[in-house]
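All chains, please: the whole structure from these sequences, using the hints.
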Amino acid sequence: MTYLKIDQINKSYDGDKAVIKNLSLDLDKGTVVSLVGESGSGKSTLLKIVAGLESRTSGEIFLDQVRISNPKEKLVPGYDEIQLVYQDYHLYPNSTVEENVTRPLLLYDKTYKRARVKLILQLLGLEKFKEKLPRQLSGGQQQKVAIGRAMSLEPQVLLLDEPFSSLDTIQRRELIAELREMFQKLKMTVLFVTHDLDDALQMSNELVLIQNGRLIQRGHPEEIFSNPKNIYAAKLFSHLNPLPGKTDSYIRPSDVQLFKTSGIAAKVVQKQYLVHFNQLTVQLQDGTFWFVEDKKRRFGVGDRIHIQWENHREIGPVK
Numbered sequence: 001m002t003y004l005k006i007d008q009i010n011k012s013y014d015g016d017k018a019v020i021k022n023l024s025l026d027l028d029k030g031t032v033v034s035l036v037g038e039s040g041s042g043k044s045t046l047l048k049i050v051a052g053l054e055s056r057t058s059g060e061i062f063l064d065q066v067r068i069s070n071p072k073e074k075l076v077p078g079y080d081e082i083q084l085v086y087q088d089y090h091l092y093p094n095s096t097v098e099e100n101v102t103r104p105l106l107l108y109d110k111t112y113k114r115a116r117v118k119l120i121l122q123l124l125g126l127e128k129f130k131e132k133l134p135r136q137l138s139g140g141q142q143q144k145v146a147i148g149r150a151m152s153l154e155p156q157v158l159l160l161d162e163p164f165s166s167l168d169t170i171q172r173r174e175l176i177a178e179l180r181e182m183f184q185k186l187k188m189t190v191l192f193v194t195h196d197l198d199d200a201l202q203m204s205n206e207l208v209l210i211q212n213g214r215l216i217q218r219g220h221p222e223e224i225f226s227n228p229k230n231i232y233a234a235k236l237f238s239h240l241n242p243l244p245g246k247t248d249s250y251i252r253p254s255d256v257q258l259f260k261t262s263g264i265a266a267k268v269v270q271k272q273y274l275v276h277f278n279q280l281t282v283q284l285q286d287g288t289f290w291f292v293e294d295k296k297r298r299f300g301v302g303d304r305i306h307i308q309w310e311n312h313r314e315i316g317p318v319k
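In the working numbering, the protein residues as written are 1 to 319.
By construction, these hints were calculated from the structure, which means they are not laboratory data. Note that the structure is a prediction, hence the values are computed from the model and not measured. Ideal placement from N, C-alpha and C gives every residue a C-beta, glycine not left out. Fair warning: there could be bad hints in the mix.
The calculated lysine-lysine pairs, modelled on BS3-like cross-linking and capped at a C-alpha distance of 27 Å, are [as the list claims (entries may be wrong)]:
hint	residue 1	residue 2
1	Lys5	Lys74
2	Lys113	Lys187
3	Lys113	Lys130
4	Lys235	Lys17
5	Lys187	Lys5
Derived DEER-like restraints, expressed as beta-carbon distance ranges [said to hold, decoys possible]:
hint	residue 1	residue 2	range
6	Glu99	Gln257	23 to 33 Å
7	Gln308	Glu154	49 to 59 Å
8	Ser249	Gly30	33 to 43 Å
9	Val269	Arg67	34 to 44 Å
Next comes the structure, spelled out in structure tokens:
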């Protein structure tokens with residue numbers, strides 16, 4: 001049953017071009033969904049609208065069948081049940097980790113407050129850092145504090161707005177793994193916004209793609225990878241090689257097979273070492289350049305190779 005319902009949301013500023021266009025999205029309780037889109041696609045604006053912190057031009061938001069009001073309709077905008085975590089932490093610099101997590105609970109019963117903060121620090125592995133100030137923490141630890149502060153109110157929905165954008169690769173990978181496990185354990189409903197597909201894939205098994213304020217596709221990553229609705233969805237996963245003689249049809253580098261004698265002739269013009277394969281730039285006889293993956297690291301610059309692919313791996317036509 002739908003728990004968070006985003007129904008035909010439109011948003012424009014002062015009559016200008018719409019930022020969000022007729023966007024609808026339903027989330028079941030306890031699900032983690034990754035919302036992926038390029039910068040300026042309306043992702044962050046949508047989260048603020050869902051949290052009740054930004055007015056929508058039209059459309060409605062419902063949480064467990066209760067309408068979420070626009071900010072002007074409430075004395076204090078926002079909802080304890082829906083918490084938004086920003087990418088720049090918003091921590092109090094002169095307050096300790098424990099004090100930052102406790103701040104939303106200042107008016108709560110002291111016994112409950114102590115128990116809740118203790119649980120949050122345990123869940124996020126912050127117990128030994130509770131007396132430290134934000135500047136004494138790593139970026140990943142600071143982001144944990146920001147998430148912990150949002151969770152202190154026991155929200156029904158957690159909205160994450162590009163929370164890992166300022167972290168390095170190792171910090172990001174480790175934090176995503178920790179959070180995913182915690183969200184599953186607590187059965188939290190999470191909408192995670194990012195422009196980074198790798199982050200999205202590590203966080204959840206359900207993707208929602210947004211482009212220019214419109215929802216263009218939703219589904220399991222494998223489904224979207226194999227059957228993208230448009231060229232943007234297709235390119236999110238990898239480079240695309242244009243198929244000879246087929247308009248708006250492509251093959252992914254990972255689906256191209258390399259041979260020494262059988263297939264379409266090509267010449268290796270560049271080789272780049274990557275973790276799991278060598279990425280080759282090859283030139284076909286018609287002058288077209290393709291990217292292909294040399295998983296066995298057999299070929300070098302100047303080599304003549306032949307390429308093949310299975311027809312069912314072709315993508316398109318897509319625009």
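Now the hints, each set against the structure:
{"no.": "1", "hint": "Lys5 / Lys74", "verdict": "holds, 20 Å"}
{"no.": "2", "hint": "Lys113 / Lys187", "verdict": "holds, 22 Å"}
{"no.": "3", "hint": "Lys113 / Lys130", "verdict": "holds, 15 Å"}
{"no.": "4", "hint": "Lys235 / Lys17", "verdict": "holds, 25 Å"}
{"no.": "5", "hint": "Lys187 / Lys5", "verdict": "holds, 18 Å"}
{"no.": "6", "hint": "Glu99 / Gln257: 23 to 33 Å", "verdict": "violated, 59 Å"}
{"no.": "7", "hint": "Gln308 / Glu154: 49 to 59 Å", "verdict": "holds, 56 Å"}
{"no.": "8", "hint": "Ser249 / Gly30: 33 to 43 Å", "verdict": "holds, 39 Å"}
{"no.": "9", "hint": "Val269 / Arg67: 34 to 44 Å", "verdict": "violated, 59 Å"}
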